[in-house]
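Peer 1: What follows is the residue order along each chain.
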Amino acid sequence: MIGAVHVEGLAIRRGERLLFEGLDLSVRAGEAVALTGRNGAGKTSLLRAIAGLLRPAAGRVRFEGDAENGLHLIGHADGLKPARTAWEELRFQSLWTGGTEASARDAAEAFGLTRMLELEVRRLSAGQRRRVALARLAASPRSLWLLDEPMAPLDVVHRAKFGEVMARHLAGGGLIVAAVHDPLPIEARTVELGG
Amino acid sequence: MSALAVLFRRELSLAWGRGGGALLALAFYACVTTLLPLASGPDPERLAGLAVGVAWLSLALSALLSLERLFERDYEDGALDLLALGSPPLELVAAVKCLAQWLATGAPLALASPVAAIALGASPALAPLLFVVALAGGLAFAFLGGLGAALALGSRRGGLLIAVIVLPLFAPPVIFGGGALSSLAVGLDWKPGLLLLCAYAAAAVALAPLAMAAACRNALD
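Protein sequences appear in the order of chains U and L. Heads up: the first sequence begins at 1 in the numbering used here, then just goes up one per residue. Heads up: the second sequence begins at 1001 in the numbering used here, then just goes up one per residue.
Worth flagging that the hints you see were computed from the coordinates, not collected in a lab. Worth double-checking, as some hints may not be accurate.
What the hints assert, rightly or not - From the derived model, a few chain U residues whose C-beta atoms are all more than 10 Å from chain L:
1. Leu18
2. Glu21
3. Ala29
4. Arg62
5. Asp106
6. Ala152
7. Val156
8. Arg168
9. Glu187
10. Gly194
What the hints assert, rightly or not - Pulled from the structure, derived: some chain L residues nowhere near chain U, Cβ distances all over 12 Å:
11. Leu1024
12. Leu1047
13. Pro1108
14. Pro1128
15. Leu1135
16. Ser1155
17. Arg1156
18. Ile1165
19. Ile1175
20. Ser1182
21. Leu1188
22. Pro1192
23. Ala1199
24. Ala1202
25. Ala1206
As the list claims (entries may be wrong) - Covered by chain U, per the in silico footprint, the following chain L stretches (three or more residues, Cβ under 8 Å):
26. 1009-1016
27. 1083-1096
No experiment lies behind these values; they were computed from the predicted model shown. Note that CB positions come from ideal geometry on N, CA and C, so glycine has one too.
Based on the sequences and whatever the hints tell you, model everything.
Peer 2: Structural data, given as structure tokens:
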């Protein structure tokens, strides 16, 4: 379980462009951070750097607690295969990240997916696909959630529902860092990039 | 079920499901071996001389066909992020992907190769060795091809790049396998060729995953 994340003096360079430098940010258990900023300010890059997928040009990301298998990253690509069914994909994603088949079923129910599990992913709408991807957050317990515009394709009802899921996660000692353009439906500290 | 077993089953279902490359490779293999007599003339003796070599070489080329999708699909739709954040290291992910590719594409091709060779007029006595050569060679092709696919990630002409990268890597196994087969055909000892092929395949299985994982990390960065 990750207890806290500390981003220390982080600089990220994409090609020739320096997106930001000297960024310090700490997120503790039970806390949510909303990253805002213009398109291209480096929100996605910051999330990927925290996940360890992207090498920062300077600075580092430090975790308190056991960082092994401690985080989920939901990017703006959903990572779903169009020709497989929603259930096959959700089941794979949760088992791969350490969940169980039963927890995947529960997550499907929590995200209102039960009736579309047998459909192929290509038949789902953008919002439904996103819910399939988000469901692995509930299906496998990892404490740090890195979310890249998680709610963009969701309708009002499911935004509210996902807000409840996030609130429960924080109440249970989870951490959330989300890149957003609209405000999160939960209490969150706002950090503006490139401001 | 362990995470790697889950991944293995997913890869098999992707290879055999819609949009997978296993059937494409088999169809391509059938096309090449069927069209050969039409292109080279119907003289049975000349055909019989070419049969085993063609059955072996077309297998190497068919193995190339479906490689472009091995990592590219997961890279494009974001699933590679997820694979990188699972509990097994990327090296094992790459190895499992290549093993599944071998089982889904290489094994059916290995089964088809003796049939194709005999249909073209090769002596049935060569069929068992051809099957073994095809199986061991297929393993090397899957891992080296996977290496090419990982290195080509994110480039616009991935397919072309893969072919250029793997061509020199495919040459030794093609030579070793072809050597074993032609030795058996003229009554010489075929074991050295087969053993070299197996050694090459084993080296590919051991080393290629390290390079594939590095290439994937580089592509995600």
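Peer 1: All hints are to be evaluated individually against the structure, with a verdict given for each.
Peer 2: How the hints compare with the structure:
Distance check for Leu18/U against chain L: the nearest CB is about 16 Å away, which clears 10 Å, and the non-interface claim stands. For Glu21/U, the requirement that its beta carbon stay farther than 10 Å from each beta carbon of chain L is met, with the minimum near 18 Å. Ala29/U, annotated as away from the interface, keeps every beta carbon of chain L farther than 10 Å; the closest lies near 20 Å. Remark: the non-interface label on Arg62/U is consistent with the geometry, its nearest Cβ contact in chain L lying 18 Å away (cut-off 10 Å).
At the 10 Å boundary, the C-beta of Asp106/U stays outside the reach of chain L, the nearest C-beta of that chain being 18 Å off. Distance to chain L confirms Ala152/U as a non-interface residue, since its nearest Cβ pair spans about 14 Å, more than 10 Å. For Val156/U, the non-interface assignment is confirmed: its Cβ lies about 25 Å from the closest Cβ of chain L, beyond the 10 Å cut-off. No Cβ of chain L comes within 10 Å of the Cβ of Arg168/U; the nearest lies about 22 Å off, and the non-interface call holds.
The beta carbon of Glu187/U is kept farther than 10 Å from every beta carbon of chain L, the shortest such distance being approximately 27 Å. Listed as outside the interface, Gly194/U is consistent with that label: its C-beta sits roughly 21 Å from the nearest C-beta of chain L, beyond the 10 Å cut-off. With a cut of 12 Å on Cβ distances, Leu1024/L stays outside the contact zone with chain U, its closest approach being about 14 Å. In this structure Leu1047/L is separated from chain U by more than 12 Å, as the shortest Cβ-Cβ distance comes to about 40 Å.
No Cβ of chain U approaches the Cβ of Pro1108/L within 12 Å, the least distance being about 20 Å, so the stated non-interface status holds. Remark: the non-interface label on Pro1128/L is consistent with the geometry, its nearest Cβ contact in chain U lying 37 Å away (cut-off 12 Å). With a cut of 12 Å on Cβ distances, Leu1135/L stays outside the contact zone with chain U, its closest approach being about 28 Å. Ser1155/L, annotated as away from the interface, keeps every beta carbon of chain U farther than 12 Å; the closest lies near 16 Å.
For Arg1156/L, the requirement that its beta carbon stay farther than 12 Å from each beta carbon of chain U is met, with the minimum near 17 Å. For Ile1165/L, the non-interface assignment is confirmed: its Cβ lies about 24 Å from the closest Cβ of chain U, beyond the 12 Å cut-off. The Cβ of Ile1175/L lies farther than 12 Å from every Cβ of chain U, with a closest approach of about 38 Å, so its non-interface assignment holds. Even its closest Cβ contact with chain U, about 42 Å, leaves Ser1182/L beyond 12 Å, as expected for a residue assigned away from the interface.
With 12 Å as the threshold on Cβ separation, the claim that Leu1188/L sits away from chain U holds: the shortest Cβ distance comes to roughly 48 Å. Even its closest Cβ contact with chain U, about 43 Å, leaves Pro1192/L beyond 12 Å, as expected for a residue assigned away from the interface. Chain U leaves Ala1199/L outside its interface by the beta-carbon criterion, the shortest separation being 34 Å against a cut-off of 12 Å. The Cβ of Ala1202/L lies farther than 12 Å from every Cβ of chain U, with a closest approach of about 28 Å, so its non-interface assignment holds.
Every CB of chain U lies more than 12 Å from the CB of Ala1206/L, the least distance being 25 Å, so the non-interface label holds. Using a Cβ-Cβ cut-off of 8 Å, 3 residues of the segment 1009-1016 of chain L lie near chain U, which meets the minimum of three, so the contact claim holds. Counting residues of the segment 1083-1096 of chain L whose beta-carbon sits less than 8 Å from any beta-carbon of chain U gives 5, enough to reach three: the coverage restraint holds.
Of the hints listed earlier, there is not a single one the structure fails to meet.
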